[in-house]
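Chains A and B, in that order, give the protein sequences.
If you read the first sequence in the working numbering, its first letter stands for residue 1, the second for the next number, and so on.
If you read the second sequence in the working numbering, its first letter stands for residue 1, the second for the next number, and so on.
In short, the hints are calculated from the structure, not lab data.
None of the values given here were measured: they were computed from a predicted structure.
Glycine included, every Cβ here is placed at the ideal spot set by N, Cα and C.
Please note that a few of the clues may not be correct.
What the hints assert, rightly or not - The following residues of chain A were derived to be distant from chain B, with all beta-carbon distances above 10 angstroms: (1) M11; (2) Y75; (3) Q88; (4) Y105; (5) D129; (6) A132; (7) M135; (8) G137; (9) I150.
Unchecked claim - Not the full set, but computed from the structure, chain A residues with beta-carbon under 8 angstroms of chain B: (10) C114; (11) Y176; (12) G177; (13) K207.
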Amino acid sequence: MAEELVPVYIMGKRYDVPPGLTIMKAMEYAGYRLVRGVGCRAGFCGACATVYRLAGDYRLRVGLACQTVVEPGMYLAQIPFYPAPRAQYDITKLQPTFATLVSLYPELLRCLGCGTCTKVCPQELDVKDIMARAMRGDIAGVADKSFDCIMCGMCVSRCPAEEAQYNIFILARRLYGRYIAPRAQHLAKRVQEIEAGLYDQDIQRLKSLSNTELRQLYNSRDIEPE
Amino acid sequence: MEWDGKMGYPPEMRESIKKVEATRPARLHETFPMMSPQEKEDILRRFHPDYIASAFREIRIGPNKGDRTPHELADLLEGRPLIDPDALDLEQIDYDTDVLVIGGGGAGSAAALLAREQGAKVIIATKLRHGDANTMMAQGGIQAADKENDSPAIHYLDVMGGGHFVNDPDLVEALVRDAPMVIQWLESLGCMFDKEPDGTMITIHGGGTSRKRMHSARDYSGAEIMRTLRDEVRSHPEDITVLEFSPAIELLMDEKGQVAGAVLQNLETGEHLVVRAKATIIATGGSGRLHYQGYPTTNHYGATGDGLVLAYRVGARLAFIDTMQYHPTGAAFPEQILGLLVTEKVRGLGAQVVNADGEQFVFPRETRDVEASAIIRECVERGKGVRTPTGMVGVWLDSPMIDMIHGPGTIARALPAMVRQFARFGIDITKEPMLVYPTLHYQNGGVAIKPDGSTGIPGLFVAGEASGGVHGRNRLMGNSLLDVVVFGRRAGRAAGQRAKEARLGRLTLEHVRAWNQQLAQAGLLETAKPSPQVLPDYTRKIR
Ligand SMILES: Cc1cc2nc3c(=O)[nH]c(=O)nc-3n(C[C@H](O)[C@H](O)[C@H](O)COP(=O)(O)OP(=O)(O)OC[C@H]3O[C@@H](n4cnc5c(N)ncnc54)[C@H](O)[C@@H]3O)c2cc1C
Ligand code: SF4
Ligand code: SF4
Ligand code: FES
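Taking the hints into account, I'd like the entire structure generated from these sequences.
Below you can see the structure in the form of structure tokens.
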């Protein structure tokens, strides 16, 4: 099936590529052997943030190169790295409070609420709202709402207040996970039991079984119902 | 916007979807029978990629001489080193450290943190960015026997059975004993596991588990673990230096026969860097990007099996490198996401696997190897697959059934990442099925290790997907994330301890010279492929 190629402009230079490719594959088709701007190729790692414009449209758009299909006349450039400040901390010495967030990221309070970050987030997170939660000290809310953040840096690149949103978010998630979410009691108990050697005998017994005996045991083991 | 490109299913495929829709009401009440043990064995032999003899060959030189492995890996193991030992000045040391960790995924990050706890100065050298790794991509979860009705011994039995009883028992013991400790460590670092309001871990079944012990963090389990470990590494810049875009391309040894660091290559400038280290940990992950037998893969861009090549050249033995895991449901359409993982959860929620005529042909929750083989048989032998415009073939995973079984909105709630993924290409998986075909997922084997990650080569440790033995011939879902953290920590601790005592001699690349000689003697030097591969080459090839 002969396909019409579509023109795309990679950093201003025209290439004709088959329609339907992702930006990433289009770049490879054009001859790029990628080093930067590529990681998981599946929308999980945030390595491939790309900005683009479409013909006849003034708006600047963003997308993940591995997840966005090329369109004719697309003008694009990757932003594989964007410098964002990260505060230094020892998670074991913090408190899960608003004061912690602000002392580590004082610029948090400079957020204008403009919403540019929400507009550019390829994960469709309401970044502005999450920042507002951070400014209220709602650490649980930040942790919950920012969970799908892949730390691609697009919000940082466009923020007029020069915030480091994703670094604030991961701090909040770690504070939540360590201090606010209740610890699993059954887990602590099991760790103690193991350390006390409670299961050593059972495991040694299994290790001493012949292959046939082990198979028999395996095939007759009871399975917890769904 | 005018443009609709190749969005959604083309008319030919829609014809088949109509048949799937036509049989759906009846299928909702049908259960396809599970295969008998005999049938399973038979279908594996006839259709599983591991049994395609022509796809494998014997390795001709090195510690695993005579063992079988896929051609693609054999070619690299018998490869020609990228550096010329006579052209590199080893007196000029760019970095001197206690512990060098090669690979910034889950295993490497855990190892670095534990080596640091031993007082070591650590360098992590990684190929792409820190965290651009298979660990980041795991969705399903991580196993640990921490519930009342479960125990490390029960977990042990599951792991052995899953691996076909050939796993290294000492490694399995380490895996299951450490598991609860590891989950607790991650919890204390701030990992947000799914919990009940009282803190009880929410755990579910995975393929081959006899207890519900799969812990998750929504469907970003690996990402949550990876970014937490990465953030913790970043909290110790005085002790841990991360060198990104700096893959190791050869190990260094000293005159006493110890591994003593590595030669890195700056991917951007091409410059070689000499790192001298008292202990070295390979944590380079898997090799899906070698596309064994032409399969697409779920793996990240850097999964090219480099660590196996480096370890092999200093004399380390590899184990179980004749078995790879093919996930039964990789995306077969659209082309843009070919090979991408469609999580097991879709079948777990009731979606059936059906052919071009809308008929079931396999129980949807067979083990991964059996399920994959049945899909291959349906397409290859029976010709009942669906062909895509680019010539791929696949079968339907009938996702809309899920909402019919569990109520409208279930798919959107339980599989948001999947819905988003397909919606980007104009496919609504709540209304239309997904086309799937097996995809290359996991390297079951790797460098043989001891429970402390050591390899028998002084100074060399290996952890994570690059190692082999703990999973035997088949890894169960959720045991790999576990393996990565358990053995990453163990290797890190052991390497940190070793660094306190090790005394290095003069650095040498004598092993590279010796390797070249072996190649020459076997008559392979001329034809040998340069290795490690470092990056796949997709220029003008669409994958
Ligand atoms: C899509 C997907 C889903 C999965 N789901 C699950 C799941 O639900 N549960 C589960 O338990 N397991 C799952 N797995 C498997 C599991 O995620 C991996 O096996 C595991 O995370 C591997 O960890 P690792 O640290 O060994 O390797 P990786 O995380 O892959 O890290 C290896 C690192 O080494 C780097 N590297 C490679 N070569 C070099 C070199 N020459 N020099 C320097 N650095 C190098 C790589 O770039 C990478 O950063 C999944 C895997 C995939 C791909
Ligand atoms: S772009 Fe910056 S200033 Fe604007 S809402 Fe987002 S964080 Fe605040
Ligand atoms: S919040 Fe920012 S860093 Fe996170 S995914 Fe959205 S744009 Fe990317
Ligand atoms: S390459 Fe990882 S998100 Fe695109």
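Have a go at the G177 (chain A) hint: is there a Cβ in chain B nearer than 8 angstroms to its own Cβ? Given a least distance of 4 angstroms, the restraint on G177 (chain A) holds.
For the hint on Y176 (chain A), just tell me whether its beta-carbon gets within less than 8 angstroms of chain B. Since the shortest Cβ distance to chain B is 6 angstroms, the answer is holds.
Assertion that A132 (chain A) lies outside the chain B interface [Cβ separation over 10 angstroms]: The claim holds: A132 (chain A) sits with its nearest Cβ about 21 angstroms from chain B, beyond 10 angstroms.
Just double-check Y75 (chain A) for me: nearest Cβ-Cβ distance to chain B has to come out over 10 angstroms. holds, 15 angstroms
Closer than 8 angstroms between Cβ atoms is the bar; does C114 (chain A) clear it against chain B? Give me holds or violated. At about 26 angstroms, which exceeds the 8 angstroms cut-off, the nearest Cβ of chain B leaves the hint on C114 (chain A) violated.
Supplied contact hint for K207 (chain A), tested at 8 angstroms Cβ to chain B: Holds: closest Cβ of chain B sits about 5 angstroms from K207 (chain A), inside 8 angstroms.
10 angstroms cut-off, C-beta based - M135 (chain A) kept clear of every residue in chain B: Per Cβ check, M135 (chain A) is outside 10 angstroms of chain B; nearest 21 angstroms; holds.
If I take the minimum Cβ distance from Y105 (chain A) to any residue of chain B, is it greater than 10 angstroms? holds, 14 angstroms
Minimum Cβ distance from G137 (chain A) to chain B greater than 10 angstroms, as the annotation requires: Consistent with the label, G137 (chain A) stays out of reach of chain B, its closest Cβ about 17 angstroms off (over 10 angstroms).
Are all C-beta atoms of chain B more than 10 angstroms from that of D129 (chain A)? Consistent with the label, D129 (chain A) stays out of reach of chain B, its closest Cβ about 18 angstroms off (over 10 angstroms).
Per the stated criterion, does the least C-beta distance between M11 (chain A) and chain B lie above 10 angstroms, as a non-interface residue requires? holds, 17 angstroms
No chain B beta carbon within 10 angstroms of Q88 (chain A)'s: violated, 7 angstroms
The structure fails to meet hints 3, 9 and 10 from the earlier list, while all remaining hints are met.
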